[in-house]
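Engineer: Chains A and B, in that order, are what the protein sequence lines are.
In this text, residue positions in the first sequence follow our numbering: the first is 591, and each later residue adds one.
In this text, residue positions in the second sequence follow our numbering: the first is 591, and each later residue adds one.
It is worth saying that the hints were derived from the structure and are not from the lab.
Among the hints, a few may not be true.
Copies of one chain are not kept apart here, so a pair can be met inside one copy or by any two copies together.
[To be verified] In silico DMTMM-like pairs for lysine to aspartate or glutamate, Cα to Cα no more than 25 Å straight-line:
| # | residue 1 | residue 2 |
| --- | --- | --- |
| 1 | 671 | 864 |
| 2 | 687 | 971 |
| 3 | 687 | 732 |
| 4 | 687 | 672 |
Please read all numbers here as calculations on a predicted model, not as lab measurements.
2 protein chains.
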Amino acid sequence: MRFSQAFIPTLRDDPADAEVVSHRLMLRAGLIRKVAAGVYTYLPLAWRSIRKAERIIREEMTAAGAQEVRMPAVQPAELWKESGRWDVYGRELLRLKDRHDREFCVGPTHEEVVTDLVRGEVRSYRQLPLNLFQIQTKFRDEIRPRFGLMRGREFIMKDGYSFDADTAGAEVTYRAMEAAYHRIFARMGLTFRAVEADTGQIGGSFSHEFMVLAETGEDDVVHCTACDYAANREKAEARVAVPDKRDTPDLQTVPTPGLTAVDAVAVALGTAPERLIKTLLFATGGDGDDAFAAVLIRGDREVNEVKLAGLLGDGARLADEADVARLTGAPAGFSGPVGLTGVRVIADRTAAGLTDAVTGANAADAHHVHVLPGRDFALSETADLDTAGAGDGCPRCADGTLAVRRGIEAGHIFMLGTKYSDTMQATFLDPEGRPQPFVMGCYGIGVGRSVAAAIEQNHDDRGIIWPMALAPFHALVVAMNVKSDPVRQAAEGLYAALGAAGVEALYDDRPERAGVKLTDGELLGIPLQVIVGDRGVERGVCEVKARATGDTREVPLADAAAEVRRMVDAALAGRGAGGAGA
Amino acid sequence: MRFSQAFIPTLRDDPADAEVVSHRLMLRAGLIRKVAAGVYTYLPLAWRSIRKAERIIREEMTAAGAQEVRMPAVQPAELWKESGRWDVYGRELLRLKDRHDREFCVGPTHEEVVTDLVRGEVRSYRQLPLNLFQIQTKFRDEIRPRFGLMRGREFIMKDGYSFDADTAGAEVTYRAMEAAYHRIFARMGLTFRAVEADTGQIGGSFSHEFMVLAETGEDDVVHCTACDYAANREKAEARVAVPDKRDTPDLQTVPTPGLTAVDAVAVALGTAPERLIKTLLFATGGDGDDAFAAVLIRGDREVNEVKLAGLLGDGARLADEADVARLTGAPAGFSGPVGLTGVRVIADRTAAGLTDAVTGANAADAHHVHVLPGRDFALSETADLDTAGAGDGCPRCADGTLAVRRGIEAGHIFMLGTKYSDTMQATFLDPEGRPQPFVMGCYGIGVGRSVAAAIEQNHDDRGIIWPMALAPFHALVVAMNVKSDPVRQAAEGLYAALGAAGVEALYDDRPERAGVKLTDGELLGIPLQVIVGDRGVERGVCEVKARATGDTREVPLADAAAEVRRMVDAALAGRGAGGAGA
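Chain A on its own, in the form it takes in the complex (with noise of 0.2 Å):
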């Protein structure tokens, strides 16, 4: 392609309300511009990264078994009554009503559109497994849209949804789907870590998300140094060492005037941290005994809230001073379990091992120590409520230290089970005749948020350095100077040359000083640029630039449409990306 030609809006300047790089650079760059907000119009450059990393994911899916189908965007809003979803999913749902004032929605996801599908075609355990994906404009209302195609209202999405007749044939085709996003995000050309995660909304009994690492993810990435484990933080657990078992005396109550925080009760009493059990109460708009929990953790660590709400809902929020004082007989700070009635108590594991503990007393100034759980107070419910974080140790392997990243999710796939097809009645019928419901999966890749992520990894104070794989063009000609003859017809050759090599080009033919030329390419972030001056043509060289190193070689004109071909093969093979070393 001419950049005569294309439809490449550059800017000089950042954009004012771009906060992230991938925001700013997709804008700067002419790869992007909003249209509403959360809602953008990909222009060419973008589309073709776009699509590409469409085909990597759907060759990827194919060779997996999955079979692509396309769903309809407007759903009907009867599927969503019937799973239950029409009342609880909230505004981010686009609800609109046709002209005969039916109800639909401009559907953010497809699992009731294809359980519907499913049910009314397969009958037969014979007909499984099956596993439908599509890539389709999805629409959330998000409250709050930023971040460019980081968090869009309307987005590219690809969807994926696996049948199985049984828990084992599902976690085959799970395995198989992660096996295939290892293979996508791979084969993008990205960094990136499959994590243990929250299902969340979408619900299932467990899921894995993919994480692009990059500085500025919204995400914690928990990972083990020693061994494979990783986790969303949502998630993530942590090998806590235990303090030294000891025998508890009987429990005392001691004084601590104005001592609410955990660092000053420890010192005030002589004891660590990690010996205090805080007391944390929480109202969950549940009635009577569920209205409230009180949950136990140990004093260094503190409560997950995404595993706390996977417990209580998402309602739970820290109860008020007033209540707490109602339900404790004392102000905040100096609550504790011993006593405690009324509340449900949760006993995050930290908590549930210690052994002479202090707590607080339910008491004002107040707090008991030699505090013995089980003995004081009754352990009627533990979970895991703790935050891993960076030197937790690793909760899979014996030795293993966590260590935290920061990641952008781009893949999230979840094991569903029978959610849906219970609450649709989707069954089939087993061997012996009988319905049975479909196991299910659904796989889900943000398209935009994959290219967005990919540059929000690859960047550099210039601009964008896109990854081999996914750059709308694999080399960037820059003719120099095209009112030089000579430079223009050697740019002119290189870029026919290229074009027959089946290296896709750009070829910066644009009447501009070398130094715009220069600086767009640098922004662009094309991996190759093939640079076509003055001195070099008089000497049959050009001059071949890789973006992400800044390395630069001299090449015979001649032979450097070839040099090209084998760069761009390299890279996308994954070795070295774009690298200009031999």
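Here the structure of chain A is known, so what remains is to put chain B in place on it, guided by the hints.
Structural biologist: Structure of chain B alone, referenced to chain A:
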């Protein structure tokens, strides 16, 4: 793909609610399923065909200089209000409000969004021409969606928009698109005509439709049997033989008691219907003199409703008896232009050219004879409001006669001119630095409708007959009996060999009876069938059958893959649409 693993839910019986053949066959062959009225899921086979159509479109559009983008499906109302279409588009526009109560629509077309994009980015004539297209899911809330993909509410469309600096440039672009459309429909393997068409609601100065010819088409394609002229009946002109010119005596009024029908009047007055002028009164919904219009047309011709709507607006309706009586002083059937006042009078060209004509006398039971247009009434406004039909003369060539065929509108291109750039104030600076409105064109292809039209055009009573270019698979390998080891081994070998030869093969490996498989094969309409049975395998041969013709040949198993490859290539190159003959 193995049939046993493919999601191809064929139906034994015709579905009840499918009125047209493509709808019926797409349901029966397991291509689509209805989700709501006019809203379908495309199953894997249909999706493969759609993607093939998309690919052809994409390649030809790109080759013709258009650049692919993706605009949002959900569009802000502001843009539609700016163009004025928010108020006039009516209930076909699917309107909705987001969580912040802002108005949006699900886009049925994208003139507004693309004009807004281009006016924001293109400042200079140097950046023109610019031609952008997308392939996208649209929604039009049809009042009576029907005929499956032929008239759905949600549908896949290629829509393109061009921006030029002047009319001459826009016409060059328009012709390039017209040529690209010819290539697209030819590559799809369809028999089609490009016809002159009405511009309708999209507007603009002229347009062409690409009509896939099929007996079941909803449109009439009027075409010359001698030259290239072709037009939608809505727009078609006819060269109508003019009755011999006569000197016209003075006007006389004659009694025609009870005679209102053209033929009866002609017989009673001893003249021919082509010497009568019919006077039809229409209520236009306008004010004062514009509230009604009288249309004069020759007695043997019919008024074309679409041409009439183009002149009088969509709201024009035949005036009721009371209005006719009030305006003419006579019952309907005796209206005439002589002395008619208070209404706009429009003479069709066939009426304007008459001599010695007969008209109603604006009095009960009376006609005027010896009427001369221009002498006895003013010819203030003439127009072409005539309906062309089979047997009429061609308006373009001297000798040609018109014929009529049925067609399906699969593509439509419009010279928009400055309709949208004027209303939306989309301008660029010309070489003198003066702002000028973009001269626009727009170019649509119904992708799903093209695929459905391929079926309307190519089927028999056993099922679909895919053109090779749109067929979901090139070849169907039928193992007549998978329980026979030699048959299964031969079929598996052939399936592998076809894959190695790059032939897209569907392998019917199902443990079904041979009859079921052959029936399904005819229904699915894969162009080439490779039938592997016991007796053939004993002799080392299979049968290669062309679905279109039924021609069957024995081919040695060892040669079959190469032979099928050759036949596929020949069909794709347009040398026989899958015929089995050499």
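Engineer: Next, verify each hint and record whether it holds.
Structural biologist: Each hint, compared with the structure:
Taking the closest pair of Cα atoms, residue 671 and residue 864 never come within 25 Å of each other, the shortest separation being 48 Å inside a single copy and 64 Å across copies. Proximity of residue 687 to residue 971 under the C-alpha cut-off of 25 Å is found in neither arrangement, the shortest distances being 46 Å within a copy and 45 Å between copies. Proximity of residue 687 to residue 732 under the C-alpha cut-off of 25 Å is found in both arrangements, the shortest distances being 20 Å within a copy and 13 Å between copies. In this assembly of identical chains, residue 687 and residue 672 lie within 25 Å of each other by CA distance both inside one copy and across copies; the values are 18 Å within and 24 Å between.
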